[in-house]
Structures are given as structure tokens and as C-alpha cells.
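A.B. asks: Use these hints to put chain B onto chain A, whose structure you have.
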Amino acid sequence: MITKRIIPCLDVRNGRVVKGVNFEGLHDVDSPVELAKYYSDNGADELVFYDITASAEDRQLFTDILCQVAEKIFIPLTVGGGINTVDDFDRVLKCGADKVSVNSGAIRNPDLIYEAAKRYGDQCVVLSADVKRVDDEFRVFAKGGRVDTGMEAISWIRRCVDMGAGEIVLNSIDTDGVKKGFDLEMLEAVSNAVSVPVIASGGAGCIEDFVTLFKTLPKVDAGLAASIFHFGEVSIRELKERLAEEGIPMRII
Amino acid sequence: MIAIIDYGVGNLFSLKSSFAAIGEEAVVTSDENVMNRADRILLPGVGAFGDAAAKLRSTGMDRAVIEQASKGKPLLGVCVGMQLLFDMDFEYGEHPGLGLIPGEVRDIGEVIDPSLKKPQIGWNALKFVRRGDGEYSRLFRYIHEGDHMYFVHSYAAAKCDPFVTSTVEYSADLVASVERDNVYGTQFHPEKSGPAGLAILKAFCEL
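Line order of the protein sequences matches chains A and B.
Going by my numbering, the first residue of the first sequence is number 3, and it counts up by one from there.
Going by my numbering, the first residue of the second sequence is number 9, and it counts up by one from there.
Hints may be right or wrong, so weigh each one.
Subject to a maximum C-alpha distance of 27 Å in a straight line, what follows is the list of computed DSSO-like cross-link-like pairs (lysine-lysine) [said to hold, decoys possible]:
no. : chain 1 : residue 1 : chain 2 : residue 2
1   : A       : Lys-181   : A       : Lys-39
2   : A       : Lys-217   : A       : Lys-181
3   : B       : Lys-63    : A       : Lys-96
4   : A       : Lys-120   : A       : Lys-145
5   : A       : Lys-39    : A       : Lys-96
6   : A       : Lys-74    : A       : Lys-39
7   : A       : Lys-96    : B       : Lys-210
8   : B       : Lys-210   : B       : Lys-79
9   : B       : Lys-167   : B       : Lys-81
10  : B       : Lys-210   : A       : Lys-39
11  : B       : Lys-79    : B       : Lys-135
12  : A       : Lys-182   : A       : Lys-217
13  : B       : Lys-167   : A       : Lys-120
14  : B       : Lys-63    : B       : Lys-79
15  : B       : Lys-167   : B       : Lys-63
16  : A       : Lys-74    : B       : Lys-79
17  : A       : Lys-74    : A       : Lys-96
18  : A       : Lys-134   : A       : Lys-182
19  : A       : Lys-221   : B       : Lys-135
20  : A       : Lys-134   : A       : Lys-145
21  : A       : Lys-120   : B       : Lys-63
I should point out that these hints are in silico values taken from the structure, not numbers from a laboratory.
Everything numeric in this text was worked out from a predicted model, so none of it was measured.
Next comes chain A alone, as it looks inside the complex:
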């Protein structure tokens, strides 16, 4: 049986992890390579890297970092941030990324999803959707959650899946950073609407939030979080053991 996945997310700027961490035994806490290895050794099922830098120079640095990570870490890597063209896909895939996540780039040019899926397969294309409630509907936001696109989220996500997106990362802006649990209502709406895997993002504050997520919404495939892992509030091993106790299929190493 396929396991539920636990995915730490790392925001990288200028070749460094943006939110510092505080793990014992980790000397360079801002090093993406060291942090990736730490998570991998401790049972992470996958890693997501977001490149939140803007300049071309920093992009090069990011791809260098990605190569260094991929040289040492033998679990799947998803990369996002600044992906606007099929060439951008090519650039990060050649550095060892397995999946590429698109957000604003797909909003600007939805054909990007079709073109990339045709070239690399549906499984390679992850739609990352930043969604927020506006006027009683779920609305898609662009540019890191700053710009309301006016598009209704469920139909947007459906359209992207039809064009070839093989996986959805649903980030609820409403619950992101609040640490009171995942946005179950939004996740339910999306996972009922599509037949591809859905990754929950935004709102995890403790282990029980993941238990609630997977017990309430068996259709959700994975839980993604950043700060609770980075700050050591939740250890992946502990989290997975607790979920396994609850009968949720987990890969325990």
C-alpha cells in the first residue's frame, strides 16, 4: 500500500536556507545541503526546494546548490520558484530535481503545463496553488500569495490537471503560518475535484494536525511543512511513528 508522505520544505535565497534552524549536531544550519541530508537521514519522504531569489546570478547559485544536494540525497526532490519556461524545467531537472513545481508561471502561461507534461511526463509537473477565501469562494493568488488573480481555485486546478499537472500542492493562505492545523475544508474541496495526488500545505503546528489531516481526509496524499520541522518543534521520526500508531501507512526507516 502506498504510504502517506511527509515533506519538509526549504526556502532558499542566495544559496542559503531562509528560515534558520536549530538542530543539535547540525553545524551549518543555513546550508541547504546539510539540512537536506539531515531530513533525508531522519525519514523525510521527499524534499521541496523553493528558490525565492530573483536575479539570474542567484539562479545559477541555486542550481549549483541543487546539484550538491542531489549528489548526496537519494530521495525525491521537487523544485519550485521562478519556473516560467520549459527551459527552466530543463535547467533544474538536469541538476537532479525530479519534479518541478509551477505557480505564477502557469498563471501567466497555462500552456507551460501542457508543454512540460508532454516533454517530461505528467508526473514531473506539480501545480502549486496559493489559495485564499475571497467573497465566499476559493480564489487563486499569484506572486507568492500577494496578487488576487480573480480565478476560482477549483476550476483553475481542474484545468491544470486536464493540461497535465500530475500533482497538486495546495497551500492555504488562510491557514499558512497560523499553526492551528491544515485547511481541511479547502483540502476536501480540492481532493474531491481532482484525481491526482494532493499535498496539504499551510497550517501544521503539531503532530496531531497531521493525524487529523490524514484521518479526516484519506484522499490527501502528503503533508508539507517548513517551520515546525526547521525549528525542531516536530521531529519527522516522531511524527511518522505517531501516524503509524494511528494506522496510517508510513515508511519508517
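C.D. replies: Structure of chain B alone, referenced to chain A:
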């Protein structure tokens, strides 16, 4: 030395790195001569079947791979590389494969329960299947039944029962690995399956 065949798509970097991690020399190549000199051949990887099959054909590497495999050189196809080993595939139209193993590649929605999520993305536990001689695949000598491997695929092998060496349960059983003499294939990505995946590659290097 292992020749990782470069046909212009996919994640070859991780494969090369994973061989380095187990102390094996691997080269990424699209040169037939390099492949002919190699002890083993690895056919990756990631991408859409149609593209992959077309590129392999346009470089003439399809014929070269078939030739090397028929001489008995160990060949491992990974993910789309495994799918290429079969006769036929149906991703985005119909494309002939290498025909090294009898069978087909089909949309998992057709092979199994159509209500299943597609692609299958994630970690799944291997169930070993005995070969015709009653033994398990030699690729599994360093792993245990139930070890999790990483899968990402919308398509799966079908009509190849005599050659199946492991399956995974995804509401029904999906083919996880196949083998015919010196030709091996894994639907999962050993280079992305942590220590258990590296153990598969190690076993391949000892064939």
C-alpha cells in the same frame, strides 16, 4: 563501468551520483562505442514514453541497446527505461518499444481500478514474486520484502506475467520489477529510494 544512456531527457545526474555513492564508476553517454565497452547498461529514467522512444530511435541507440542486450550484457531499465523494454506503449499515442521483454505498457487507469489516483506517486512496499526457477530476483539480494521504493508513474507494465519479479499493491497489484535473462527493469526509481534503492543498484553491479 556502467553506461547510463543519455537520450536527451530525464534525471541522469541522480543516477550517476547514486552509483558514485556505492563506489561504482558510471558514465553518462550517448556514444554507442562507450556503451559497447561498458560492463553494464542503465536505461533511464524520467519523461514521456513517446519522446524517449523517438529520441532513442533517432540516435540509433535503440538498435545498439538491443544488440548489447542480446549479447548478454546486463541491462537495467528504470521507470520509463523499464517501459521501453516492452513491445508497446500507449502514452500519448502508440509507440513501439525495444521488444526485449514481451508485454505492454498501459495507462494504470486501464490496467487497474479506474478510480485510482494517477500518477501513483510515492513510496510503496515491494512484494516479491518468484521467478520461473523458484528463486527471487538477484537484484533483491540486499533488500527485504516489504522495503519501500519510490514510484512516480501513470503507466504500468501489463501482459508480462512470466517476467514479473515484484509487485506493489495500489488497490490492485502493479508490476514493480521485471526480468528476462540479463534484462532487468524497475518501475520504481532505485536512485530515489534511499538506502534500499542503492542496495538494488549495488546488486545490479554484481550481476
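A.B. asks: Are the hints correct? Go through all of them and say.
C.D. replies: We went through each hint and held it up to the structure:
no.: 1; hint: A/Lys-181 x A/Lys-39; in the structure: holds, 25 Å
no.: 2; hint: A/Lys-217 x A/Lys-181; in the structure: holds, 18 Å
no.: 3; hint: B/Lys-63 x A/Lys-96; in the structure: holds, 17 Å
no.: 4; hint: A/Lys-120 x A/Lys-145; in the structure: holds, 25 Å
no.: 5; hint: A/Lys-39 x A/Lys-96; in the structure: holds, 20 Å
no.: 6; hint: A/Lys-74 x A/Lys-39; in the structure: holds, 7 Å
no.: 7; hint: A/Lys-96 x B/Lys-210; in the structure: holds, 24 Å
no.: 8; hint: B/Lys-210 x B/Lys-79; in the structure: holds, 22 Å
no.: 9; hint: B/Lys-167 x B/Lys-81; in the structure: holds, 25 Å
no.: 10; hint: B/Lys-210 x A/Lys-39; in the structure: holds, 21 Å
no.: 11; hint: B/Lys-79 x B/Lys-135; in the structure: violated, 30 Å
no.: 12; hint: A/Lys-182 x A/Lys-217; in the structure: holds, 16 Å
no.: 13; hint: B/Lys-167 x A/Lys-120; in the structure: holds, 26 Å
no.: 14; hint: B/Lys-63 x B/Lys-79; in the structure: holds, 23 Å
no.: 15; hint: B/Lys-167 x B/Lys-63; in the structure: holds, 25 Å
no.: 16; hint: A/Lys-74 x B/Lys-79; in the structure: violated, 34 Å
no.: 17; hint: A/Lys-74 x A/Lys-96; in the structure: holds, 15 Å
no.: 18; hint: A/Lys-134 x A/Lys-182; in the structure: holds, 16 Å
no.: 19; hint: A/Lys-221 x B/Lys-135; in the structure: holds, 24 Å
no.: 20; hint: A/Lys-134 x A/Lys-145; in the structure: holds, 13 Å
no.: 21; hint: A/Lys-120 x B/Lys-63; in the structure: holds, 14 Å
Checked against the numbered hints given earlier, the structure breaks hints 11, 16 and satisfies all the rest.
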